[in-house]
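S.K.: Here's the letter readout for the chains.
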Amino acid sequence: MLGLRIPLLALALSAAPGAVAAPQVELTPAWAGWSRPGRVTEVGVRVRADAATRGTVEIAAGREAVRTPVELAAGETLQLEVPVASAALLEVAVELDGAPRERREQVLSLSESPLLGVGLANASPARLEGFHAVALVPADLPRGTAAYASVDALVLDSATLRALESRQLGALIGHAAACGRIGLVSPDPGAWRVLESAAGCGARMLVRGESVEEALGRLQDSLAVPAATAPSAADLAALLRPEATTWPRVVAVLVAFFGIGVLAATFTASSTVLLLVPVIGSGALAALLHFWEPQPRLVVWAEAEPSARVAQYQAWQSISATARGRLDVPVLAGLGPPRSCDRQRRVRISMDADRGQPVAADFDARLFDHVALCYAGNFPVMRVVAIQPLEGGRIEVHNRGTLAWPAGTLAAGGAVQELPALDPGSSATLRLDQGRPPADAAARAALARTPHGGYALLWPLQLDTVADAPADASAWLLVPVAEPT
Amino acid sequence: MSAPVTSRLGMLLGLAVAATVAAWWLAATRLALGQSMGTAGIAASALAGLWLARAMLLAPFALRAGALGGWRLGAASSLSMVVAAWPVVIAAASAGTRPATGIVLAEIALVIAGLVLPVAGQALRTLLRAPGPAVLAGTVLGGALAAATWLWSRVWTGGPL
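Residue numbers (numbering that gives the first Met the number 0), protein chains in the order written: chain A, 0 to 484; chain B, 0 to 160.
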């Protein structure tokens, strides 16, 4: 027996995969580990393995998990910057082929007070009333714009700005474009110009000062300027109401089955047939539920001030599930990092390590279940709108920009009416008493977002830049005008 | 009652129960979707109701069918009644969150009951030596079983209907 065992043992050993030592894992959260509940932050993950291998890095943050397949060369350090939901505890699991599973935990400090990020090279104290100040070094600033959601205001000096990497600068510019509240201390003229030209909300949230005190004072003054409120799903309920596309299909299949069952019971008394009809019907229904393609839907809603250079958008990508099980939702490139619109819902987001971009999100879903991914971002826009009230309940809408407008819709006084296409410099005179009740969901949403006593102009947008956008995707740009301009 | 009538009656009873529950479930689901509400609870209620209705019908029906036509005919017609609702069970299970194992076990219990109760019905006929008293006894016994099923439904279905 022993003679047989030795070759078997040798065979088993030769077939065993080469053992790889446990990977070295290092975590570096953005904002020195500070964030706010329900926001997004970023965690840097560095993984190093002694031998070439592949595997996955998974970060669990509350109900959200981000999974990244990775390939490592021998001795190579892989660096990932992963946007994650702000949770009190981040659990990172690194699983590499042939290596023991490596687990790390990262505790985040979640502040109930608004956070002020302070990036000052001389580490001088900075305070803003009502804010919790967090001292930062350049490496603490995130590489992705989404993580800027963790802080409510930021003060940076020129030395810190100069020390930022290009990806950090790009994210900072993105934050300025998203109406982020930023105070700069003695910024270089070039840096200031770049940030000011990119800033959203008419650059009202971007301030500068020659000293820390001056920058903080202006930042304090900017708090009196209300930040633009992004439309919520409730504001756009009419536009986002899920279409029951699966329900009619299920009704049709069950009605067909009952029809066949009644016919079978009418025309035959064969037990075999009467037993087989429901069994075959069940199999057919199960197969149909499994193979039905869920119909995705995309709604993009953008808003811009009358002469702003940047529009802020929110996008909702929704799918009505057709079966019980895992539902993969492809992430639409070009809309930014996605999050589950329902923060209480478990979601796993798959990242592409090479591009550093999310590629898919999967949910546990069931028939008739409605899952949605939310995106937010901004894009350059140029709609210089001037509205002048005239005698007799008329208004003049003037295109003061350099680009022509397509035909759109004017919302005012609880009614909507068509707005003709306008060339640069031209205007249209509209009678407010000719408005009519909104006929579609977009017009209803526009009315819901129209300032009280003001106006709003609504245009449909083309989604050329969104790869793989669903065929029936809709996108809208709303320009609310609070008062005559 | 002739054998063909019993077979068809089982199937039609099962279809009627399934159609009633399906109509309620789909209508309630449509309303919930319109209100952006969850539909899993409705599906769970539909599954529980469908199981309970079949279980309560099955007891007197299978005993009577076994007493009248013997266990083969009784089993065939009882199983027709049970399986007629399976497409609705599949759809509702797909829309719910209840574990699939529990749903499958509940259906297996109905199938076993659909096989065993007709045997009991035939035994009643053998014991009482006449179809009339056997059918009456089967009806009474089935009614008692249905009542017991109703009383114990909270335990058997895992929650209130």
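The set of hints was computed from the structure by calculation and includes no laboratory data.
Glycine is no exception: its CB is placed at the ideal position from the N, C-alpha and C atoms.
Don't take each hint at face value.
[What the hints assert, rightly or not] Just so you have them, the derived chain B footprint on chain A, three or more residues with Cβ under 8 Å: (1) 34–47; (2) 65–73; (3) 247–254; (4) 347–360.
[Stated by the list, open to error] Short derived list, chain B residues pointing at chain A, Cβ under 10 Å: (5) M10; (6) A75; (7) I89; (8) L126; (9) R128; (10) P130; (11) P132; (12) L135; (13) V139.
S.K.: A separate judgement is required for each hint: does it hold in the structure or not?
M.R.: Quick rundown of the hints versus the structure:
1. 34–47: Violated: only 0 residues of the region 34–47 of chain A have a Cβ under 8 Å from chain B.
2. 65–73: Check failed, 0 qualifying residues.
3. 247–254: With 4 residues closer than 8 Å to chain B, the region 247–254 of chain A meets the three-residue bar; holds.
4. 347–360: violated (count 0)
5. M10: At about 4 Å, which falls below the 10 Å cut-off, the nearest Cβ of chain A leaves the hint on M10(B) intact, so it holds.
6. A75: 4 Å, holds
7. I89: 5 Å, holds
8. L126: L126(B) check fails; min Cβ-Cβ to chain A is 26 Å, beyond 10 Å.
9. R128: 27 Å, violated
10. P130: 20 Å, violated
11. P132: The hint is violated - P132(B) has no Cβ within 10 Å of chain A, the shortest such distance being about 27 Å.
12. L135: At about 25 Å, which exceeds the 10 Å cut-off, the nearest Cβ of chain A leaves the hint on L135(B) violated.
13. V139: 27 Å, violated
When held up to the earlier numbered hints, the structure conflicts with 1, 2, 4, 8, 9, 10, 11, 12, 13 and fits the remainder.
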